[in-house]
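Here is how the chains run, residue by residue.
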Amino acid sequence: MSGHSSWPEWVYIGVVVALLCYVGAEAWNVERIVEHVPADAEIIKVTGQQWLWTFEHEDGTKEIGELHLEQGKAYKFEITSKDVIHSFNIHDYVVLLDAVPGRVNTVWFSPGDAGEFPIQCREYCGLIHYNMRATLYVENGA
Amino acid sequence: MKAIIGIGLVLSLLIILPSVQYVLAAGDEPGEYLDRRLEIWGLFYRLMIVAFTVGTVVSGMIVWLVLRFRESNPKATPTEYEADGKW
Amino acid sequence: MVLELHKPRPIWQIMFSTHHTDVGLLYLITSLAFMFMGGALALILRLELFAPGTQVIADSMTYNRIFTVHGTTLIFLFILPSASAFGNYLVPIMVRFKDMAYPKLNAVAFWMIPPAGALIWLGFADFTWYAYPTYSTISAPGPAADMWIFGLKILGVSSILGSINFIVTIMKCKHPDLPLSKMPLLAWAYLTSSLITVVAVPTFAAALLMLLTDRLGASGFFNPVMGGDPIAYQHLFWFTFHPEVYILVIPAIGFMYEIFPRFSRKPIFSHGSGVTAFVLLALVGFASWAHHMYATGMSFTEKTVFMVGTLAAVPASAMHTFNFLATMWGGRIKFATPIMWAVGGIALFFSAGAGGVVNSAMPLDFITHDSYWVVGHFHLFVMGTILFGTVAFVYYMFPYVTGRMYNEMWGKIHFILAFVGTVMVFFTQHILGLFGMPRRIYDYPPIPEWVQMNIIITVGAMIIGISMAIFLGNLIYSSAKGKPANMDDPFGLGGKYYFPYQAKTPHTEGGGYH
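Protein sequence lines, in the order shown, are assigned to chains A, B and C.
Note that the first sequence ends on residue 194 in our numbering; no numbers are left out.
Note that the second sequence ends on residue 93 in our numbering; no numbers are left out.
Note that the third sequence ends on residue 571 in our numbering; no numbers are left out.
Derived by calculation from the structure, the hints in this document are not laboratory data.
Every residue, glycine too, gets a C-beta built ideally from N, C-alpha and C.
Hints should not be assumed to be uniformly reliable.
What the hints assert, rightly or not - Now the in silico label distances, taken between C-beta atoms and shown as ranges: (1) B:74 with C:64: 43 to 49 Å; (2) A:63 with C:64: 36 to 42 Å; (3) A:104 with C:270: 46 to 52 Å.
What the hints assert, rightly or not - Which chain A residues stay away from chain C? Per the calculated CB distances, all over 10 Å, these: (4) 79; (5) 83; (6) 84; (7) 99; (8) 111; (9) 112; (10) 123; (11) 166; (12) 177; (13) 179; (14) 180; (15) 191.
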């Protein structure tokens with residue numbers, strides 16, 4: 053073993069650890085904020101299956117391949133799968149969560165802008181994984 | 007070393023506390039919902055600033071070391087170990 | 058033992074040999090062959106992704122099979138065997154013993170690799186190298202899937218046997234005058250990576266068996282209809298494969314611990330720091346596996362625990378970087394091919410690590426999970442660090458194995474092209490992932506930014522391909538017709554080639570086995 057550790061190395065490790073503490077603290081905080089689901093979020097059931105997405109609104113309305121939501125409202129997705137693992141992703145709204153058969157995963161968001169946004173699958177699920185897409189339509193609230 | 011970790015922790019707190027205040031005041035009504043995009047991308051950009059700063063320092067260090075200590079540098083001198091051929 | 062192309066030994070003598078240098082040569086040739094094969098698959102994928110629509114691959118299933126075999130080949134049939142190759146050559150020498158502890162077991166562990174490789178390549182499974190259920194259990198076509206499972210089972214056993222051999226050789230067979238603390242850092246790299254292997258890999262062996270029985274319908278471990286949980290597989294898989302990435306990178310770092318001091322003409326800055334960093338990484342590496350599973354619906358607390366575990370491994374890697382840079386400081390560095398590759402490798406190691414720290418931040422997973430950001434990140438590790446470190450060591454060991462020198466000019470051209478190509482491909486992939494392109498997709502919509510970046514990436518990949526063709530040519534030509542090397546000091550550094558454990562080969566004076 054070469055003698056005593058040198059002070060430059062200890063300073064360097066101290067700086068690295070401090071930076072990592074910063075990263076961890078920031079990440080923890082943002083995750084906490086983002087996971088706080090508003091009480092009045094409307095529940096949308098999302099079901100992934102090979103190779104399409106279907107949606108069911110609280111009032112029973114069903115949609116296949118498209119989802120129509122209102123700008124400014126809060127929505128909570130309850131996501132599951134009928135067969136293999138898929139992953140529900142609205143990239144423009146940073147929504148991403150796996151659709152796992154046998155369980156329901158939840159994530160919430162509030163669409164701030166109106167428009168059309170792609171929905172894609174983010175977990176390999178076979179032949180048409182690459183084209184397992186849908187479209188989110190966000191309409192201006194009345 | 008402890009001083010540095012201490013400073014790091016204090017700095018982290020100083021940055022978090024204002025955000026925590028924000029969250030405690032965050033609304034649960036329409037129009038006041040938190041925007042995921044802002045929060046998450048904001049975090050991303052903050053971490054990118056850290057990563058690129060450290061990256062510049064480390065890459066700059068590597069480039070400088072390679073240029074300064076290459077054997078063709080006019081200032082190059084044999085290391086103290088070359089005499090015995092033991093390294 | 059060595060490649061003697063002018064007066065070759067009978068091939069059966071090498072194939073049935075149990076001497077560590079012969080087994081090392083077998084591992085080396087096999088791993089390099091698979092490196093070229095797996096790399097070629099990547100070039101086909103990149104040609105297809107050059108633009109939206111079909112280019113060279115007719116259907117998505119073929120594409121899916123190609124990327125599965127690409128990943129499986131390069132991890133299990135290139136990186137791991139190439140580490141074993143150099144370990145076989147050098148570990149007995151470094152501990153001053155005559156061979157590995159169990160020479161026959163050593164040969165057996167090698168000979169498991171060709172049949173396993175054959176199973177994987179003849180099957181060409183499509184379910185990605187992760188093989189997640191429930192796709193792999195209810196949807197992936199056999200017999201490809203089952204052949205893959207058997208192939209990996211065999212490779213796992215081979216890995217464990219090889220690791221046991223390294224551990225016993227180092228701990229029990231080392232020379233009595235050599236304390237562990239004075240053992241070269243490359244030997245420490247083999248010790249720690251072997252210890253991680255024997256702890257981590259059996260978990261995957263169990264997972265593979267469960268996958269197989271699930272596929273046969275005999276069990277429902279991962280089948281929710283039968284009361285199982287697909288996420289359980291992911292825990293088992295990543296419990297093995299997160300430490301596995303350290304198994305992959307630690308030998309490459311070990312190679313750099315040989316190259317940096319020699320070419321800088323001074324000893325490593327801190328041997329103790331290197332040992333501490335290896336041991337720390339091995340231990341802490343077990344604490345972070347579920348950061349691969351942030352998107353599966355884990356609770357906030359679970360995610361936090363694994364984020365902390367992930368971040369805790371960073372200082373150990375930072376220590377290695379510091380050690381290398383501090384070793385160069387004050388040196389007189391001869392920039393021959395091996396150290397160019399090592400320096401490039403360390404620069405890319407840092408960028409890979411920086412991206413990794415960003416990945417570990419839980420909320421950022423919503424942006425980057427299963428996108429090209431991840432592809433860019435891990436390739437900076439496996440290509441930028443591990444392949445660069447391995448290639449550096451191939452060039453460094455070339456005289457030892459063949460008695461000849463490779464062509465230095467082409468070695469440097471190989472480096473420059475590979476470095477430029479690697480940056481073009483994998484840095485761009487980070488940005489592509491931020492724009493939302495998922496991984497493992499055969500085709501993509503004509504989003505302008507995606508198209509532009511995919512073009513850049515494909516061009517970069519072709520540059521890497523050209524550089525690897527140059528490498529192959531250099532290896533083959535120089536093995537046969539290269540200038541005979543000065544075996545005492547092939548690189549003209551002034552020190553001994555393998556101080557303080559001078560290694561003799563048939564090419565050195567006095568010849569014969571040592």
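For each hint, the structure was consulted:
1. B:74 with C:64: 43 to 49 Å: holds (46 Å)
2. A:63 with C:64: 36 to 42 Å: violated (57 Å)
3. A:104 with C:270: 46 to 52 Å: violated (31 Å)
4. 79: violated (3 Å)
5. 83: About 5 Å separates residue 83 of chain A from the closest Cβ of chain C, which leaves it inside 10 Å; violated.
6. 84: The claim breaks: residue 84 of chain A does not keep its Cβ more than 10 Å from every Cβ of chain C (closest is about 7 Å).
7. 99: holds (14 Å)
8. 111: holds (26 Å)
9. 112: With a cut-off of 10 Å, residue 112 of chain A remains clear of chain C, as the shortest Cβ separation is near 25 Å.
10. 123: holds (21 Å)
11. 166: holds (19 Å)
12. 177: violated (6 Å)
13. 179: Incorrect as stated: the minimum Cβ-Cβ distance to chain C is 6 Å, not above 10 Å.
14. 180: violated (7 Å)
15. 191: Consistent with the label, residue 191 of chain A stays out of reach of chain C, its closest Cβ about 22 Å off (over 10 Å).
The earlier numbered hints that this structure contradicts are 2, 3, 4, 5, 6, 12, 13, 14.
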